[in-house]
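Asker: Please build the complex by placing chains X and D on the supplied structure of chain G, with the hints as guidance.
Residue numbers (our numbering), protein chains in the order written: chain G, 1 to 424; chain X, 1 to 298; chain D, 1 to 337.
Mixed in with the good hints, there may be bad ones.
What the hints assert, rightly or not - Stretches of chain G that chain X covers, calculated by requiring three or more beta carbons in the stretch to come under 8 Å of a beta carbon on chain X:
1. 75-87
2. 97-103
Said to hold, decoys possible - No more than 25 Å apart at the CA atoms, straight line, and that leaves these computed lysine-lysine pairs for DSS-like:
3. G:Lys37 to G:Lys330
4. D:Lys198 to G:Lys286
5. D:Lys198 to G:Lys412
Calculated from the structure, these hints are not laboratory results.
Glycine included, every Cβ here is placed at the ideal spot set by N, Cα and C.
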Amino acid sequence: MFTRRHGLRAVLAVAAVAVIAAACSSNNGSTGNSASKKTLTIWSMPGELPPKMRAALTEEFQNTHRNVKVNYEDQEWSGIQAKTITALGSNTPPDVIEFGNTYTASFADGLVDLSGKASGLGKSSWFTGMADSATVDGKTVAVPYLSGARVVLYRTDMFTQAGISTPPTTLAEFTADAGKLMAKFGANPKFSALYYPGQYWYGALPFIWDAGGDIATQSGGKWTGALDSPQSIQGLTTLKNLVASFSKAPKDKNEVNQFQTLADGTAAMVIDQAFQIPAILKANPKLAPTDIATFPLPGVSGPAPVFAGGSNVGISAASKNQSLALDYVKLMTSPKYEKMMANEAGLLPNTTTLTTLGDSNPTLAVNFAALKNSKFVPSAANWGSVEGKTIIPDMLENIFTGKRSVADAAKKASEEITTELNAN
Amino acid sequence: MATLTAPTRARAVPGHRRRAAVSRGRLPGRVLAYAFALVTFGLSVFPVYWMVRTALEPTADINHGTPTLLPTNVTGRNFVNAVHQRNFPTDLRNSLLVSLSTVVLTLLLGFLAAAALARFRFRGRSLYLVGLLVVQMIPLEALIVPVYLSLRDINGLDQFPSLIVVYLFFSLPFSIWMLRSFIVSIPDELEEQAMVDGCSRMGAFLRVLLPLISPGLVAVAVYAFIQAWSEFVFVLVIMQHSDHYTLPRWVAGFQTSKGIDWGAQMAGSALFTLPVIVFFLFVQRRITTGLAAGAVKG
Amino acid sequence: MGAVGTTKLTPRRRPRSRANRPDRTSGGGPPGPAARGRRPALRAMPYLLLVPSLVVLVGLMGYPLVRLVVLSFQHYGRREFLIRQGATWTGLANYRMLFADSQFWSVAVRTIVLTAVIVALTVLLALLVALVMQRLDRVSRTVVSLGLMVSWATPAVSSATIFKWMLDSRSGIIPKILNQLHLVDLTGDNSVFLSGFKTLASVTAMVVWQSVPFVALTLFAGLTQISRDLYEAARVDGAGPWRSFTSITMPMLRPIFALVIVLSVIWDLRLFTQVYIFNQGGPDQQSYLLGVYSYFASIVGLRFGQGAAIAIVLIVMALIGTAYYIRRLVRSGEATA
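Isolated chain G (complex conformation) (with noise of 0.2 Å):
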């Protein structure tokens, strides 16, 4: 009877200090320092940017601003295209957002119109297919930040002792390298000659691209999925053929996790970023710096047209602190902290004023030349829906697994991408 009196008095005492501490708590969270100080809230994507940069961007906008507080908080990638949309849509919306450029366009009502300031933002010297990600319906609602185009990795030291001197430049080359790799590695069962994780449709569009074909097509203002087209067919069987001969890669996964194959010695080569490098010679310390090194992803005849994928900055249309937002923006999108980005994370600048940057970074060369020869996806206001409801790696899945056929599954994600592109 006593215990269990007393069982029920310490519960109902931890609950009133634990309500009494969320009335403080919420208290000085919200109307203790708001008066003399304001908070920045940056959103930003993870691990793409080294610490120290973020801190000295930081610094030198707190010695401007001495009464702002900079509040950093990283995103996951999963889900993050509804968990941004609903933060937009609050009233208590992040100052300014660091989100993929292909989500522009769904975020755009939501952002603020920048147009009358991008030539303060230094928009006149931006890469032009940057400039074109942060642009709605000509307004400028973004500024790029980043961009990294996608390239293969790949094992020196493998390529050598399988007796390929020089990286392949045409696609049958690049098969024939392949195949020689599996031939002296393959009596491991879970090598890769080529790791291609199923759902990474990043990786897939230089196929498309490479063989004609586009994810969709726009006229009169409809858009038409084009994954069906003949030409995008080929591209997706090309690939296809590739991950049957040449990966071991689960098709359920995407490729967060390949560089670990490289650094293992699982595979011989990947398709990704070259800012990896580091994370790769990180996770295994053998490896020799030289082991490592990037080629860009032939197609047919030459390189292949890849995704340039990047980050754009925006400022919330509901943030009560624009100004700043901008202020910040503008700091952390100039030349200054490009430069900085670009040369210690090996991710490509905004502004054509930095290409000389490539001269003394091989990482920055191939970067560089692969921006010349980049696409993009769908610049369609819906865009973000596709993404979110994952169709292309859905249909990736089912060509990879046989489940449907190339033509079948294409055609099954086209439509799918005509309605989403469609709706309003």
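Answerer: Coordinates of chains X and D only, in the frame set by chain G:
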């Protein structure tokens, strides 16, 4: 759910309280029963055991080793990794704050409503009771969008009180039903006696009723706590800034942030899950009692 | 205090019969002078006590429900959402579009079938567990119920994560065991996560695993309420164990069955977290259930009007599924006793 009057009520004569009403049967039957019980127990605890086991194993063994019932090598590394993942301390604090606040409010509001429903007859009482029933039949997941939009209109997004009220809503109907059944089963005379002895009506309520229904309160508290601690969908939609997340988002979040590290993932799940299980087991007898009282008897 | 305080509050206590309870509002009133002066206050009291919970319940159910219905008749998309205005009335357009969509029908049927399968498996297994528990000694019974509590208490987020790991096609324990036994191959291209059917089967296993404990313990509690005399009488009359089961146990448990079935139906119709975390409704949207479908239509697809229409269908389904039960309770007066 105090919704049923078991037909056995009349027969469950006090004093006639032998546990198993059925004889335990013959030997082969009993062997079979024990075998089945063993399998039931094994299947019930295995996933949770496997979570803990994986959490204690080094990453290399997890990915490449042949799984054994007990890990060959044991490490605390995964827990360290998990705790350093994103905002663990903040999320833990938020979870405790939200869950415990929900518990307090559930107890308070639940008790008031239960007392009214058990001790008074008034117009609208039946309507309220039926309403409570119907409310529980509506899938709340269907209301995500309007709840989001309504909260947006009143600047309630990304606020702890909003989340607490939602969780209160989750646990209230069941709690009212359950507490009501406890109060109904306590004779009025006890309060009346107390009132004769000089207590006010409220005093009588508090002094006499409260201790007597404490098993019900504890069960309700645990129920509300677990509901709030575990909820994922609404915290996913309502809360936006990462320093306002609760642990379910933390657990679901590091699934894809930097590849899949199953060891850390399981360590994180264990940190999130084990307290609930321990808490639950600690009061399990009361829960069963409450369950029986709530579910079986009217 | 002594006598009262030590009385164990067991569910077996016989409640006071309703007839004896004084009717508070119509004059019966509690005895003693203390109460006399407070009649009007007393009359208002139950309402005062109910107000707080009523505010929460109506605020969170009533208003959003109305809003949901309105939304389902509107065109409310990405643009309307972000610029916070401009929703236009479109009548039944959302519903027409929905009913014309074959995906909607397959998701709806899938939701119903999956719910039925999960509920049936849960109740059958739980009954078995409850009957077995009855035949165990005290210690074993406690051990089994502790085991059940473990799976019951595990939050959905955790169980989805754990099952995801156990079923992983490369290192998961379940594919490894099944391979050893040469039963089903779940590795590589046969991964659970590449097949809609296997994903749904895994969700079923996971949900049953979590739902059996509540139902089993409730049924067990019900079994302990059945008087032993009944069984003895039946034995005297020459009834075997099966006969006793069908003519005593089952009829006695019927109300409890109704209760657990209705609760299971409603809980399983609501499935969201497990499906969402387990495989995001995939592969290829093949494990979409109505809740997930509505979420993807509104929050991901940004077609809030259509998402609302799907949600309405789900609510209607839930109400139909439970209407019979509620009506019976209300009719019998048990709910409001």
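Asker: Look at each hint and say if it fits the structure.
Answerer: Hints, one by one, checked against the model:
1. Given a C-beta distance limit of less than 8 Å, the hint that chain X covers the region 75-87 of chain G holds, as 8 residues qualify and 3 suffice.
2. Counting residues of the region 97-103 of chain G whose beta carbon lies closer than 8 Å to any beta carbon of chain X gives 0, which falls short of the minimum of three for the stated coverage.
3. Between the alpha carbons of lysine 37 of chain G and lysine 330 of chain G the distance comes to roughly 21 Å, so the proposed pair stays at or under 25 Å and holds.
4. Our distance criterion of 25 Å between C-alpha atoms is broken by lysine 198 of chain D and lysine 286 of chain G, whose separation comes to about 41 Å.
5. This hinted pair checks out: lysine 198 of chain D and lysine 412 of chain G have alpha carbons roughly 21 Å apart, not beyond 25 Å.
This entry does not satisfy hints 2, 4, going by the numbered hints stated previously.
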